[in-house]
Amino acid sequence: MSRKAPKPLPKFDVGENYRILHGLGEGAYGTVAAAVHKPSGREVAIKKVLPFEHTLFCLRTLRELKLLKFFSETCVNENIICILDIIKPPSLDDFKEIYFIQELMQTDLHRVIRTQTLTDDHCQYFVYQTLRALKTMHSADIVHRDLKPANLLLNANCDLKVCDFGLARSTRSTNPGGKEPGMMTEYVATRWYRAPEIMLSFKMYTKAIDIWAVGCILAELLNGRPLFPGRDYGHQLDLILDVIGTPTLEEFYGITSRRSRDYIRALPIRKRRPFSTLFPKASAEALDFLTKTLTFDPKKRLTVTQALEHPYLAAYHDPEDEPSASPLDPEHFEFDFTDTFTPPSPFLRPQRPRFE
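Anchor point for the sequence shown: position 347 equals 347 in the UniProt record's numbering, and the numbering is continuous, going up by one each time.
Errors might be hidden in some of the hints.
[As the list claims (entries may be wrong)] Listed next, the in silico DSS-like pairs over lysine-lysine satisfying Cα-Cα at most 27 Å (straight line):
{"no.": "1", "residue 1": "K11", "residue 2": "K96"}
{"no.": "2", "residue 1": "K300", "residue 2": "K271"}
{"no.": "3", "residue 1": "K38", "residue 2": "K11"}
{"no.": "4", "residue 1": "K292", "residue 2": "K271"}
{"no.": "5", "residue 1": "K96", "residue 2": "K69"}
{"no.": "6", "residue 1": "K281", "residue 2": "K271"}
{"no.": "7", "residue 1": "K88", "residue 2": "K11"}
{"no.": "8", "residue 1": "K38", "residue 2": "K69"}
{"no.": "9", "residue 1": "K69", "residue 2": "K88"}
{"no.": "10", "residue 1": "K66", "residue 2": "K96"}
{"no.": "11", "residue 1": "K300", "residue 2": "K281"}
{"no.": "12", "residue 1": "K66", "residue 2": "K88"}
{"no.": "13", "residue 1": "K271", "residue 2": "K299"}
{"no.": "14", "residue 1": "K292", "residue 2": "K281"}
{"no.": "15", "residue 1": "K38", "residue 2": "K88"}
{"no.": "16", "residue 1": "K66", "residue 2": "K11"}
{"no.": "17", "residue 1": "K38", "residue 2": "K96"}
Everything labelled a hint here was simulated from the structure, so no lab data went into it.
Could you build all of it, start to finish, from the sequences and the hints given here?
Okay, here's the thing in structure tokens:
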């Protein structure tokens with residue numbers, strides 16, 4: 001049987017300063033390729049985004065650009081991917097795509113988990129770096145909303161960088177319709193890493209959804225497979241409750257959606273399963289970390305600061321080297337609440353490349 005030929009790489013119209021090497025990956029929003037910046041000889045990743053097929057794609061692209069620019073200007077954090085350059089089209093008439101020039105990372109955590117057996121030191125280091133990036137985001141009142149192994153990029157030195165900020169939002173954002181801070185759409189996060197409050201339509205959700213995702217990622221690092229690989233909404237919730245048990249009465253009445261409460265009430269009563277039975281080789285510290293991040297009530301989960309201080313990460317924790325950022329002005333995301341959207345002029349005026 002002949003092997004299927006790889007899908008050809010689409011054209012990258014990036015000018016004379018870059019030479020495309022090979023493809024790195026493809027997603028719903030575009031394609032990523034490895035390239036060389038000829039003047040400096042530096043290898044980079046070029047992300048080709050086709051954002052204008054749908055308003056939602058356009059918003060996601062602008063959101064990511066604005067956030068990465070904010071983090072690069074206000075707080076240098078080695079665990080957050082940075083943009084080196086943006087290539088604009090030669091004219092507005094040709095503005096159908098946009099290119100992000102980013103640091104080149106060799107792989108991502110999803111691929112590493114699938115192909116390698118990881119030590120506990122690896123698990124600690126990857127979780128620590130993820131939380132180090134989260135501390136910067138959460139201090140700026142930003143929720144990533146889509147943390148998963150595929151969005152954690154790695155190099156050969158095991159350095160980790162969080163990427164893909166297209167779903168990130170401010171917890172302080174309000175819209176013209178008067179929504180309270182923290183009220184956001186349910187459709188965030190890849191299902192397997194989605195906190196229960198997202199699926200159960202809590203009136204508000206918070207930075208704790210990112211902490212839940214970190215717990216899911218650690219579980220996957222320890223076991224080599226996702227902890228909650230749900231096929232759909234119902235199956236996902238079943239898998240979660242099979243592990244963490246039926247919500248307590250206090251947790252149950254914290255669910256603001258009546259339909260969601262009725263759904264939970266109709267399910268069989270389940271006891272919480274000890275993580276020691278699911279991860280028999282894990283250390284006591286790792287099990288305690290899982291218990292305190294994968295809890296139904298978001299208010300009872302560890303904060304990012306508490307997670308960094310947890311004994312499981314004691315080998316890496318250094319409060320003097322875990323940067324915070326200034327809170328982000330909620331108006332930074334004001335464009336998210338407009339019914340029609342036209343990219344503002346800064347979208348077309350990238351800064352000079354930072355290769356020197």
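How the hints compare with the structure:
no.	hint	in the structure
1	K11 / K96	13 Å, holds
2	K300 / K271	18 Å, holds
3	K38 / K11	18 Å, holds
4	K292 / K271	17 Å, holds
5	K96 / K69	22 Å, holds
6	K281 / K271	22 Å, holds
7	K88 / K11	15 Å, holds
8	K38 / K69	24 Å, holds
9	K69 / K88	16 Å, holds
10	K66 / K96	19 Å, holds
11	K300 / K281	26 Å, holds
12	K66 / K88	15 Å, holds
13	K271 / K299	20 Å, holds
14	K292 / K281	18 Å, holds
15	K38 / K88	18 Å, holds
16	K66 / K11	26 Å, holds
17	K38 / K96	25 Å, holds
Checked against the numbered hints given earlier, this structure breaks none of them.
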